[in-house]
Each structure stands twice: as C-alpha cells, then as structure tokens.
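Peer 1: One rule links them: number in our numbering = place in the sequence shown (from 1) + 10.
These aren't lab readings, by the way, just hints derived from the structure by calculation. Every residue, glycine too, gets a C-beta built ideally from N, C-alpha and C. Please note: incorrect hints may appear among the correct ones.
Straight-line alpha carbon distances no greater than 25 Å define the calculated SDA-like cross-link-like pairs of lysine to any residue that follow [said to hold, decoys possible]:
1) Lys87 <-> Ile110
2) Lys72 <-> Ile60
3) Lys41 <-> Ile110
4) Lys96 <-> Ser35
5) Lys96 <-> Ile110
6) Lys48 <-> Ile60
7) Lys96 <-> Gln45
8) Lys48 <-> Asp74
9) Lys72 <-> Asp84
10) Lys48 <-> Leu92
Label-pair distances were calculated between CB atoms; the ranges are [to be verified]:
11) Ala76 <-> Asp136: 36 to 46 Å
12) Leu68 <-> Lys48: 12 to 22 Å
13) Asp74 <-> Pro131: 31 to 41 Å
14) Asn128 <-> Ala76: 35 to 45 Å
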Amino acid sequence: MKSRLFLIIGAWVIVYSGSIPHTSSIHAELKTLLQGLKLAVQRNLKPIHINVDVAEILTTLKNDNAVYTNIASDCRKLLHQLHDAKVTRTYREQNFVADILAKGGSKMECSAEPTIFNVPPFFVTDQFRADLLGTAFSR
Numbered sequence: 011m012k013s014r015l016f017l018i019i020g021a022w023v024i025v026y027s028g029s030i031p032h033t034s035s036i037h038a039e040l041k042t043l044l045q046g047l048k049l050a051v052q053r054n055l056k057p058i059h060i061n062v063d064v065a066e067i068l069t070t071l072k073n074d075n076a077v078y079t080n081i082a083s084d085c086r087k088l089l090h091q092l093h094d095a096k097v098t099r100t101y102r103e104q105n106f107v108a109d110i111l112a113k114g115g116s117k118m119e120c121s122a123e124p125t126i127f128n129v130p131p132f133f134v135t136d137q138f139r140a141d142l143l144g145t146a147f148s149r
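Could you put the whole structure together from the sequences, leaning on the hints where they help?
Peer 2: Set out below in structure tokens:
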C-alpha cells in the first residue's frame with residue numbers, strides 16, 4: 011500500500027510531497043506528521059500551527075493508542091521541541107493545496123525521496139491564493 015505525503019508549514023515556508031508505504035490510513039497520516047515535524051525541527055521553524063484532516067490523529071496524540079504508541083510518542087516529543095506546536099483539525103475542502111500535493115505524492119514511487127517545494131509550484135498557485143482567502147472547495 012502507498013499513501014500520499016504532504017505538509018504545508020506556515021503561509022508558505024516549505025512544503026513536501028511524496029509517497030510512503032503503510033498499512034492503514036492512520037499510520038500513513040502519523041508517518042506524514044512525523045516526517046513534517048522532523049523537517050520543521052531540522053529547519054528550526056517555530057512557532058508552527060499544524061492542520062490535519064483526520065480526527066483520529068488528534069485523538070491518538072492526546073490519548074495513547076497501543077498500536078501507534080511509538081510513532082505518537084515521537085510526534086509528541088517533536089511537537090514539544092517546536093514549543094508545543096498547535097495541532098488542529100481542518101477539513102480537506104478547506105485546504106485544497108494540500109489535497110493537490112497529496113494526490114501528486116500518491117503517484118510517486120514509495121522508494122522516492124519526497125519533493126521539497128520552497129516556493130509554491132506553478133500547479134497550485136491559484137489554489138494557494140484561494141486557500142489563503144479561506145475559499146472552500148468540494149471534493
């Protein structure tokens with residue numbers, strides 16, 4: 011199985027897109043979060059606010075889950091290093107750029123390194139502006 015991998019930090023500080031192997035959607039989302047947090051720590055990006063589109067991620071971070079205890083613990087440790095970065099839920103329709111990048115990541119080979127975008131790629135420029143204005147899109 012393969013999943014999309016993406017993270018948008020800040021208005022547009024850095025974004026990555028790629029593909030990761032996983033066994034469940036929650037595991038893939040947690041791996042995505044972990045990779046993004048590692049990137050944020052490496053680049054000393056703080057303060058940050060993280061939006062996730064899967065409610066179970068918030069639950070897993072707050073109330074340990076036996077299946078995901080190790081990865082959740084790693085995420086909590088990195089969140090603490092990032093001055094207890096805020097993690098909230100947002101709906102996919104509210105972050106169309108992330109959805110486009112995620113779809114692109116799902117087409118990448120699992121072994122490929124994630125692509126890091128330091129500026130918005132041309133194929134998301136219009137959607138990025140719309141996201142900043144709070145425009146919601148249907149799935």
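Peer 1: Is it true that the C-beta distance of Leu68 to Lys48 lies inside 12 to 22 Å, as the hint says?
Peer 2: holds (20 Å)
Peer 1: Can the suggested window of 31 to 41 Å be confirmed for the beta-carbon pair Asp74 and Pro131?
Peer 2: holds (37 Å)
Peer 1: Taking only the CA atoms, is the gap from Lys96 to Ile110 under or equal to 25 Å?
Peer 2: holds (23 Å)
Peer 1: Given the hint that Lys41 pairs with Ile110, does the C-alpha gap stay at or below 25 Å?
Peer 2: holds (19 Å)
Peer 1: Falls inside 36 to 46 Å, the C-beta gap from Ala76 to Asp136?
Peer 2: holds (43 Å)
Peer 1: Take a quick look at whether Lys48 and Asp74 sit within 25 Å of each other, Cα to Cα.
Peer 2: holds (20 Å)
Peer 1: Compare the distance between the alpha carbons of Lys48 and Leu92 with 25 Å, and conclude whether the hinted pair is satisfied.
Peer 2: holds (10 Å)
Peer 1: When you check the alpha-carbon spacing of Lys48 and Ile60, does it fall within 25 Å?
Peer 2: Holds, at about 13 Å.
Peer 1: Would the hint linking Lys87 and Ile110 be met if the CA-CA limit is 25 Å?
Peer 2: violated (29 Å)
Peer 1: Starting from Lys72, check that the Cα of Ile60 is at most 25 Å away, please.
Peer 2: Holds. Lys72 to Ile60 sits at ~15 Å (cutoff 25 Å).
Peer 1: Would you mind confirming whether the straight-line C-alpha gap from Lys96 to Gln45 stays at or under 25 Å?
Peer 2: holds (16 Å)
Peer 1: In this structure, is the beta-carbon distance linking Asn128 and Ala76 contained in 35 to 45 Å?
Peer 2: Roughly 38 Å apart at Cβ, these two residues keep to the hinted range, so it holds.
The structure does not agree with numbered hint 1 stated previously, though it agrees with all others.
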